[in-house]
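Protein chains in written order, with this note's numbering: chain A, 39 to 273; chain B, 39 to 273; chain C, 39 to 273; chain D, 39 to 273; chain E, 39 to 273; chain F, 39 to 273.
Simulated from the structure, these hints should not be mistaken for laboratory data. Take these hints with a grain of salt, some might be off.
Chain B regions said to be covered by chain A (calculated; three or more residues, Cβ under 8 Å) [as the list claims (entries may be wrong)]:
id : segment
1  : 68 to 75
2  : 94 to 104
3  : 196 to 203
All residues carry an ideal CB built from backbone N, CA and C; glycine is no exception.
Protein chains: 6
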Amino acid sequence: MTAAPLAPELREKLRRAPVAALSAQLRRHGLDNVTIDGVRPLLPDRKVVGIARTLRFLPNREDLFHSHGRGYNAQKRAFDTVGEGEVLVIEARGEPGSGTLGDILALRAHARGAAAIVTDGGVRDIEAVTAVGIPVYAVGAHPAVLGRRHIPWDADLAIACGGATVVPGDIVVGDADGVIVIPPALAQEVADTALAQEDADAWIAEQVRAGHPVDGLFPMNATWRERYDAERARP
Amino acid sequence: MTAAPLAPELREKLRRAPVAALSAQLRRHGLDNVTIDGVRPLLPDRKVVGIARTLRFLPNREDLFHSHGRGYNAQKRAFDTVGEGEVLVIEARGEPGSGTLGDILALRAHARGAAAIVTDGGVRDIEAVTAVGIPVYAVGAHPAVLGRRHIPWDADLAIACGGATVVPGDIVVGDADGVIVIPPALAQEVADTALAQEDADAWIAEQVRAGHPVDGLFPMNATWRERYDAERARP
Amino acid sequence: MTAAPLAPELREKLRRAPVAALSAQLRRHGLDNVTIDGVRPLLPDRKVVGIARTLRFLPNREDLFHSHGRGYNAQKRAFDTVGEGEVLVIEARGEPGSGTLGDILALRAHARGAAAIVTDGGVRDIEAVTAVGIPVYAVGAHPAVLGRRHIPWDADLAIACGGATVVPGDIVVGDADGVIVIPPALAQEVADTALAQEDADAWIAEQVRAGHPVDGLFPMNATWRERYDAERARP
Amino acid sequence: MTAAPLAPELREKLRRAPVAALSAQLRRHGLDNVTIDGVRPLLPDRKVVGIARTLRFLPNREDLFHSHGRGYNAQKRAFDTVGEGEVLVIEARGEPGSGTLGDILALRAHARGAAAIVTDGGVRDIEAVTAVGIPVYAVGAHPAVLGRRHIPWDADLAIACGGATVVPGDIVVGDADGVIVIPPALAQEVADTALAQEDADAWIAEQVRAGHPVDGLFPMNATWRERYDAERARP
Amino acid sequence: MTAAPLAPELREKLRRAPVAALSAQLRRHGLDNVTIDGVRPLLPDRKVVGIARTLRFLPNREDLFHSHGRGYNAQKRAFDTVGEGEVLVIEARGEPGSGTLGDILALRAHARGAAAIVTDGGVRDIEAVTAVGIPVYAVGAHPAVLGRRHIPWDADLAIACGGATVVPGDIVVGDADGVIVIPPALAQEVADTALAQEDADAWIAEQVRAGHPVDGLFPMNATWRERYDAERARP
Amino acid sequence: MTAAPLAPELREKLRRAPVAALSAQLRRHGLDNVTIDGVRPLLPDRKVVGIARTLRFLPNREDLFHSHGRGYNAQKRAFDTVGEGEVLVIEARGEPGSGTLGDILALRAHARGAAAIVTDGGVRDIEAVTAVGIPVYAVGAHPAVLGRRHIPWDADLAIACGGATVVPGDIVVGDADGVIVIPPALAQEVADTALAQEDADAWIAEQVRAGHPVDGLFPMNATWRERYDAERARP
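Bound-form chain A, shown alone:
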């Protein structure tokens, strides 16, 4: 199962829009619970944009680990089939006490062209995983293998990650501020308004840097808005 790819133009817009700006626009649409919280980027300088694939772990239970945890399990199948431009999002219940991937699986996702991996569990071999070069968001490093805390169970269903629901096919965007989930139907509008707001905010920042108070300027009143529109209208 590979979701419809992102149109290149939309992907490019999302790549330019900060996660903070996208978050503000989603809030205007009434969406407040769309951030994957408690994870941090191994490569904070890398912007992530992709389509969500999902993988679900359940708490380790010794009898089930024997049936589901070993060999070519759900985790490995997910990494072998993640597609170009996809973000593999893993439900690990916020559990920090084991790795949920290591360098070999990170390499596999990278080789498949995946855009990123997001897990609300830990990462093993954190230095090697970082060196692979695929952006990874995780709750931290832990040396233990998956089985200490988890059984890889199933994939391609809606999951909870970092307190947010992620549905396969959702758009996932990440930067140094964190990771956000965007319903596909809203992505175009949210990207456009976020970029417009970014432009206005950059202009406001210039005025503030020049010594203007935020009163009336942030948000802009009619006077400032007029001046902004005039400047932006210049050829």
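Since the structure of chain A is already known, use the hints to place chains B, C, D, E and F on it.
Chains B, C, D, E and F only, in chain A's frame:
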């Protein structure tokens, strides 16, 4: 989907075996991660034995609540179809900030003959739910409706509840100590050895009450074991 | 400062409406963050309705405790001036490691006719406080005096308690499910619709008890609604 | 090793003094970190006074469990040797995920005349343990045996329990408010002043019940103090 | 409201004294609860010294957000009026789930000459805020706007931040170890003794580096003290 | 007390084996609870291998601090006697609210040739401690002296650190993934199999980098194993 019912004799044995005794026997089989933790019984005097049915909630996400949260949703379908002698186990991610059932749904499960409800979320109308008479285990009371924190999503799949994995068809047993999940294939043996251990422990308790040290007695050495066997062998 | 008292008729309606029902109606008005979470009632059988008075504690800081913590401090002034029918709500930052009131202050509030005390801190002399008879909600018992964790600082300003903002003059309602804060302007409407919903829910409960599925009934479809209206219209 | 027993008169005074009153007096001596927090009494109506014996558990480590966890281990030796009037205090690191004692060990401590058991871990067979009649303070119920989370390691050394340091020979007092640790050298003075304060507080409570403000009365100013002294001086 | 500025000489001493050294001296004055915990510096190499200004957020409540959250609210007024050399300290209740400032407000504080911003909430646009160059301490990054978790409520009153009480006019000092609050009346003495202790500790460090045990040296006994005094007395 | 030193060859193998690889091998021996969790390295690039020495802190209790906390206490004695190649492991109960060592003690351990310091408490003077050059693992930075939260109590006994039991003489290995405790009797075998597994994993990583799926390769089936053995057998 209704799982194979428990044989009456096995159900009766499990009803007599304390959860603590079953837990100790499961540990002998290498199963340590089988307790649903962080929940407490509304009716602590009631022993619970049943077959697991499952229901999964995901974190509230405003756009998905509109599509999945309203009307005859997954939650309501689960309560309308839970079977005689079944325990409805709900994955609510340990979130205390909303109810995950109220008195009407508790009544419905009770009317269907369900054995109990176990949720690692809250309960609304806790007095009314308690009055219904069906045993309920939950993390606490909260007045808010489900939608404050959750979207009812799907049912009849393996879930996480209170840190334990619960698979539909597992046997669920609860008492004042908590709730335990027993893989069906082990239930008969675990019930038998738990009851045998209970008998031995009751006899040990008598000796301790009479003033004997636990040294050599708990666990029993050969001398005490012999005496125990002799007493139990008497007509 | 004593807030305008509750009209007796409104107070009576709020006394009859469960907190869970009021919570559901507030949600319909877009208010989800109005519950004081993490507190439990010392007298779970007592319904609470009153007008909020507020008291704010800050973290103990040794130099400030000397200036603000002793003698006739903000805490004692608040208990000496809380009015008839008021609920004294205390900001204690969820800190369980000290008492925030004891039996003498509980007696004083009771003597003043206060409706209840809500604190997201601990209670000292929990048995004596319970015996006073004024409803108290708290995070638990702790033997230490206030000064172990707090400085009583000021009163009659908006505060945070149990994760909710409470403004003096808000209406506070509590029962076994917890405590809710109602903006005064919404109270009449919320009380009326909550009672109407309670009536409908009680009727639905009867049908469920009689064996009807919740499908179509909870919430009611047109057929059930018609039947309900007809029954309620009977003399 | 059995500590010097409490003098009967001191024991009686401590039995009459509420933990809250003792806590306030210890604070006057600069002792703020003497409460065992996060535990609750299985028998809230029972006052506890005794001399501390200690037992220390370490986190389960599979290789060490084999050498230290089985047979007549440190836990069982402690229960076999706890003395008349002693309180067995157990360091379980606040871990709720297993029992740290069950009914047989509770019976043994009871048969030895122990005053109470305090553990910042769980209790198995909570109903049976409660029925034994020895006061127990614990963080909650859990069905699992000790070995799920702990190795019984050693006894009769200073430990941490519920955030407080407990040294063998300390005096331990518990009631519904919680458990406090009193250095033996301070016990006599603290008990005397606590009882005196209790008497004064009871008299203050009477005045407050009669409608007096706490201003000037709690704490008492010279006028009230004079009146109090006069009344207490009456034959 | 702008507090009395720090005397340049005192400011310079505080700039040279490590927060750890100031903390040790405050403890000698009996002040243990003066650290703002749980925050980390965005610019760990930058020493911060300034006078506290305060800003208080309350939990988001939908009706109050409409009246207090929008336009030129308390947050924006605080950033527009923070003074030269002041540290804006924000009470955000330790809540990590939203930003409490972004780059435009950081720029404004920087343009006003503020010494730093300390918030026990999150930061949006963390890369842009870091680039502004004003030192910021926060609990982490979060992309969401303030309103997801907070209402900006009032300013210039005593607040709680990171578990410490901060009064407007307090002196705030921060470095890589964290942030400390110093009552103004103690600042001169604490700065002087901290610098003296730093000098002694640096000398002790030299001796330890040279292979001396800490026994007798740290803290210094009479012999070492004499040698230290002699060396420091040399021209 | 100085434990038997590590044989140089074993030390060298452990230095080359990643903690993640050692963890996986210990799990094969049934040891899952051997990681010191919740600590992070001040020098993440430095591999640590050494023999455990232990030091135990108890919660600050004001009367005991006077007798045990000052002068040449257990903490200072431990740093003065830690041996060449030893890792000083400190039990601080995960408490972040004070330092548990500063630069002078770090220098002393470094001068004694200690391999590292591991504490599940905080570090004071974090920049100076980092500059000393001895690897330190801690829960974070805090400016306060030890006595704010702890009393240094005793040394050279089994302790709990970061959720793991550490016995003096255990082998401690740390890298960017975290810290692991190895029972000495298993060290040789675990090091050998970990290095062998590392070699195999490196070869697997090459295949994955070349585009092979993990199916059949990770873990290796017979075909891949044969190819691997053949390549490794080449001169």
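Checked hints:
1. 68 to 75: holds (count 5)
2. 94 to 104: holds (count 7)
3. 196 to 203: holds (count 6)
Against the hints set out earlier in the document, no violation occurs for any number.
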